[in-house]
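Taken in sequence, the protein lines are chains A and B.
For the first sequence, position 253 (counting from the first letter as 1) is numbered 253 according to the numbering used here, and the numbering increases by one without interruption.
For the second sequence, position 546 (counting from the first letter as 1) is numbered 546 according to the numbering used here, and the numbering increases by one without interruption.
Hints are not guaranteed to be accurate.
Said to hold, decoys possible - Computed from the model, here is a short list of chain A residues facing chain B with C-beta under 7 Å: (1) 94; (2) 101; (3) 103; (4) 135; (5) 186.
Claimed, not checked - Part of the chain A face toward chain B, derived, beta carbon under 7 Å: (6) 7; (7) 35; (8) 70.
No lab work stands behind these hints, which were simulated from the structure alone.
Just so you know, even glycine gets a beta-carbon here, dropped at the ideal spot from N, CA and C.
Single-letter residue listing:
Number of protein chains: 2
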Amino acid sequence: MKQSTFLSPTLRDVPSDAEVKSHQLMLRAGLIRQSAAGVYSFLPLGLKVLKKVENIIREEMDLSGAQELLMPAIQPAELWQESGRWDLYGPELMRVHDRHNREFALGPTHEEVITSLIRDDINSYKRLPMTLYQIQSKFRDERRPRFGILRSREFLMKDAYSFDRDYEGLNESYRKMYEAYSSVFTRCGLDFRAVVADSGAMGGKDTHEFMVLSEIGEDTIAYSNESSFAANVEIAPVQPDYEKSNEAPLALEKTETPGQKTIEDVAAFLHKDAKKLIKSMLFHADGEPVLVLVRGDHEVNDIKIKHVLDARMVELAGENESASLLGSVTGFIGPVGVPDHITVLADHAVRSIVNGVCGANEKDYHLVNVNPDRDFSVKSYEDLRLIQEGDPSPDGKGTIEFKQGIEVGHVFKLGTRYSESMKASYLDENGKAQPIVMGSYGIGVSRTVAAIVEQHHDDNGIIWPAAVAPFDVHLIPVNLKQDDQKEVAEELYAELRRSFDVLYDDRAERPGVKFKDSDLYGIPVRITVGKRAGEGIVEVKPRNREEKMEVHKDELADTLKQLLNV
Amino acid sequence: MKQSTFLSPTLRDVPSDAEVKSHQLMLRAGLIRQSAAGVYSFLPLGLKVLKKVENIIREEMDLSGAQELLMPAIQPAELWQESGRWDLYGPELMRVHDRHNREFALGPTHEEVITSLIRDDINSYKRLPMTLYQIQSKFRDERRPRFGILRSREFLMKDAYSFDRDYEGLNESYRKMYEAYSSVFTRCGLDFRAVVADSGAMGGKDTHEFMVLSEIGEDTIAYSNESSFAANVEIAPVQPDYEKSNEAPLALEKTETPGQKTIEDVAAFLHKDAKKLIKSMLFHADGEPVLVLVRGDHEVNDIKIKHVLDARMVELAGENESASLLGSVTGFIGPVGVPDHITVLADHAVRSIVNGVCGANEKDYHLVNVNPDRDFSVKSYEDLRLIQEGDPSPDGKGTIEFKQGIEVGHVFKLGTRYSESMKASYLDENGKAQPIVMGSYGIGVSRTVAAIVEQHHDDNGIIWPAAVAPFDVHLIPVNLKQDDQKEVAEELYAELRRSFDVLYDDRAERPGVKFKDSDLYGIPVRITVGKRAGEGIVEVKPRNREEKMEVHKDELADTLKQLLNV
């Protein structure tokens with residue numbers, strides 16, 4: 001491709017609204033352009049990378065035995081009403097009316113459409129198992145689109161759905177996808193972890209997220225420094241065992257703590273370690289009040305509350321509710337003397353507190369020398385807190401550390417969530433109807449491209465892994481007015497194109513401009529045709545190394561094959 | 001691919017709502033499934049064909065020097081307001097609000113988005129010419145979606161846009177696209193014509209439609225039986241020369257024609273040839289009244305009126321307006337005595353009428369022996385009528401015949417329609433800003449698939465041209481319970497897969513079912529493993545021929561290469 005007429009405009013300045021490196025570099029290197037908040041065009045250079053990632057995904061999907069199909073973006077509201085998600089999904093679901101005022105969703109995902117396809121066309125155990133996938137633009141009206149194509153409102157996604165006779169089959173389909181995903185992200189040159197995650201609004205059971213490690217990631221991964229344990233902090237289980245001190249229980253006392261509302265304030269005011277404090281928070285779980293207790297140095301995990309209570313919706317109660325139910329406000333509430341109709345749940349760590357501190361359910365007062373099961377009772381002790389760095393790993397091996405991650409893939413065991421609500425069944429060997437057992441699997445294709453840039457760049461630009469690079473070789477004559485340089489450059493362009501994808505900088509620009517653009521683009525190998533062109537010698541520089549080599553043009557093809565590993 | 005777990009469900013019955021063959025066969029062969037009116041999924045077999053067509057298009061686009069990019073489906077309303085199309089486009093444009101109540105269009109085409117991209121990133125003559133294309137789902141809320149994917153509301157389209165310094169450049173870019181389109185449709189095995197067409201709502205000048213000949217086509221092509229002339233009847237010019245009879249002009253008379261309102265009625269009532277009658281129709285062109293005259297046996301072409309008057313909107317006047325402006329109603333209006341403020345335009349054919357008949361502008365009366373330029377005057381004689389079968393070809397060679405066509409492609413010279421309204425300019429050698437001269441080019445990718453089926457089928461199913469077939473070979477063992485058949489079939493499946501794309505019918509179905517499905521699918525070559533399997537002999541049948549051949553399995557690869565032309 002000749003660069004003079006290739007649409008690959010570079011920007012020297014960092015666009016002011018681009019906060020993260022991948023966003024900055026993708027704009028500066030002319031890979032993407034914004035049309036509206038969270039809505040982007042892929043320019044030719046960006047699309048070439050997107051297609052490479054797409055093809056890696058397609059190859060791995062096909063290898064796993066999945067079949068590609070293509071469903072529409074426009075989805076009838078009726079299907080979403082059948083599954084119950086039309087009302088549940090909220091403002092992220094973009095809704096559109098046709099000229100007859102019929103309602104449609106712009107597909108953010110395709111569980112409904114695929115389940116309706118399958119229920120019509122699959123009816124025998126003989127056709128199962130089956131996994132179907134598509135690669136397609138998806139729409140989600142993000143509350144806060146940002147970071148360029150990392151969190152956008154229209155994005156390319158690979159979504160797959162597996163259909164099995166039973167959970168054993170699902171486990172196998174899930175395993176295949178998990179492995180295919182691992183291959184995809186490995187081939188894309190990403191440093192990633194598959195972590196246990198929460199199934200969220202999708203419904204379903206087991207689920208893993210594929211996280212690309214990056215400090216700008218919006219998710220936090222808790223992993224063991226000594227084992228393969230890794231989970232999203234949202235869901236990571238915490239070891240239930242805590243050491244209890246031998247201290248003798250003292251008599252309960254009430255003490256004035258004027259204006260001391262936070263754990264830090266109270267601990268400092270009373271000269272106590274935060275570990276002695278009992279943090280009490282009032283929630284509503286499906287409308288019922290629940291008082292949740294964790295240790296002062298811990299944080300409540302509301303996803304865990306939801307799971308423990310099997311509740312659909314858990315939210316923090318307001319100040320007014322605290323006052324009316326417990327007689328006080330946040331900062332001074334506590335478990336002692338709580339009315340019977342309020343469920344009290346405590347984290348395992350609370351059980352080990354001796355002579356602790358909690359709110360007195362009276363403004364500006366706390367209780368000291370509080371002892372669980374003596375001064376208050378608890379419905380049950382559960383795992384209710386967020387895991388923390390330094391915690392023992394839940395698998396008993398090593399200590400927990402945190403890293404930030406960008407979610408690029410997600411595998412779910414849906415089970416019969418959709419096949420039951422939408423009546424997708426098959427007839428087994430005995431002619432009996434059984435619900436199809438489903439899995440759902442997604443890869444953010446455009447987000448993966450951004451994640452690659454986050455992990456592969458330096459101060460000068462992108463450093464593409466060869467497998468996803470837009471071109472293999474960037475061929476740069478220093479000065480096209482020099483006949484020998486021009487001749488060698490044209491000759492190399494003609495020859496190398498037969499085996500490699502070559503971007504040829506045939507522009508009448510200064511060498512400095514050409515090299516700056518080249519570093520920005522990040523094509524794996526740069527070939528500079530300069531002063532020694534007359535001798536047939538050119539300079540070869542891999543983008544990911546500092547050193548340059550002088551190579552005779554006759555040996556160039558071999559050098560390139562080595563560098564590009566082909 | 002093993003058929004037992006391949007999602008390719010066939011239907012024995014013709015779906016009741018499928019009117020045309022391609023729709024029926026694509027449903028029956030399991031290529032597509034409907035989600036809503038005009039909204040379809042492509043099942044794996046259909047997607048394979050779609051991808052083949054897409055790849056042919058991509059190859060031809062790349063060969064022509066066009067660069068692929070990908071723009072978003074969601075387009076900000078502001079861009080459409082800039083171009084002026086937000087209000088013009090009508091209900092076909094699907095509009096959507098985001099959570100902040102900002103308005104967006106779901107892209108039916110991308111002139112606005114690409115023009116805004118280009119104005120930001122292209123500013124020098126050095127970067128021109130350039131042609132960009134994308135292959136993407138488009139959205140048009142058709143008033144009457146029908147014929148399956150021939151006229152649907154979400155469909156795959158290839159759209160391309162060229163950018164040039166001047167019209168000479170545009171002509172060259174247009175020529176390249178025209179040639180690329182011809183190659184695409186030829187490679188897809190289509191019998192098509194490139195016809196001159198109307199530029200319609202797109203704005204712009206020269207334009208050709210690529211029409212696949214088919215009796216179900218919604219467009220009518222006027223073509224010469226002796227030359228390469230072909231045009232959409234909407235636009236086809238008519239030869240302006242008509243023979244005038246030598247008859248002596250007679251005196252104008254008024255005659256009673258009670259209730260005789262149509263041309264046929266009046267001609268019969270007065271015993272006149274319809275060619276003697278002058279058909280008079282009152283239009284509003286951008287609000288101004290225009291009386292248009294054509295010969296009784298001709299039809300007015302309002303697109304031509306629009307062009308002659310350079311009007312934005314031309315519509316037939318209502319009965320009340322005829323009455324108030326001309327003193328009578330449709331059926332009895334005519335050009336004699338028309339007030340000066342009404343423009344009178346006549347088709348060339350009217351000039352040759354001698355002693356004609358026209359409405360008397362009085363209910364139930366006509367005038368006879370009317371002679372143009374004696375009894376009424378005309379602002380100008382123009383080409384104002386629809387071409388008809390039997391007319392001489394406008395290029396002077398041969399006679400016009402009609403055929404129906406399906407529009408699969410369209411090339412437009414837009415000129416500066418968008419670059420002027422949206423301010424996309426470049427600096428020329430002298431540093432002077434000039435508007436970029438644009439072209440716009442589209443191919444209906446999914447529609448092309450349907451058009452292929454319309455032209456390639458028989459009573460039993462589809463007959464895919466090899467270049468777009470979902471598989472090369474359909475391998476069918478008659479009875480898998482026979483060990484020798486099973487053994488040969490499995491061996492052939494393993495071997496042939498190395499060079500061909502093979503669908504292997506490994507289902508435990510009766511041979512009749514397998515052959516019926518096979519004919520429906522229309523894979524170019526069927527290999528039947530039957531009774532002579534033990535001798536290593538199988539039956540080969542090309543889908544497009546009646547004869548079967550017995551071939552030894554060792555010679556099979558050669559036979560296939562010959563049949564598939566690879």
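- Message: If you test the structure against every hint from before, which numbers come out violated?
- Response: 2, 3, 4 and 5
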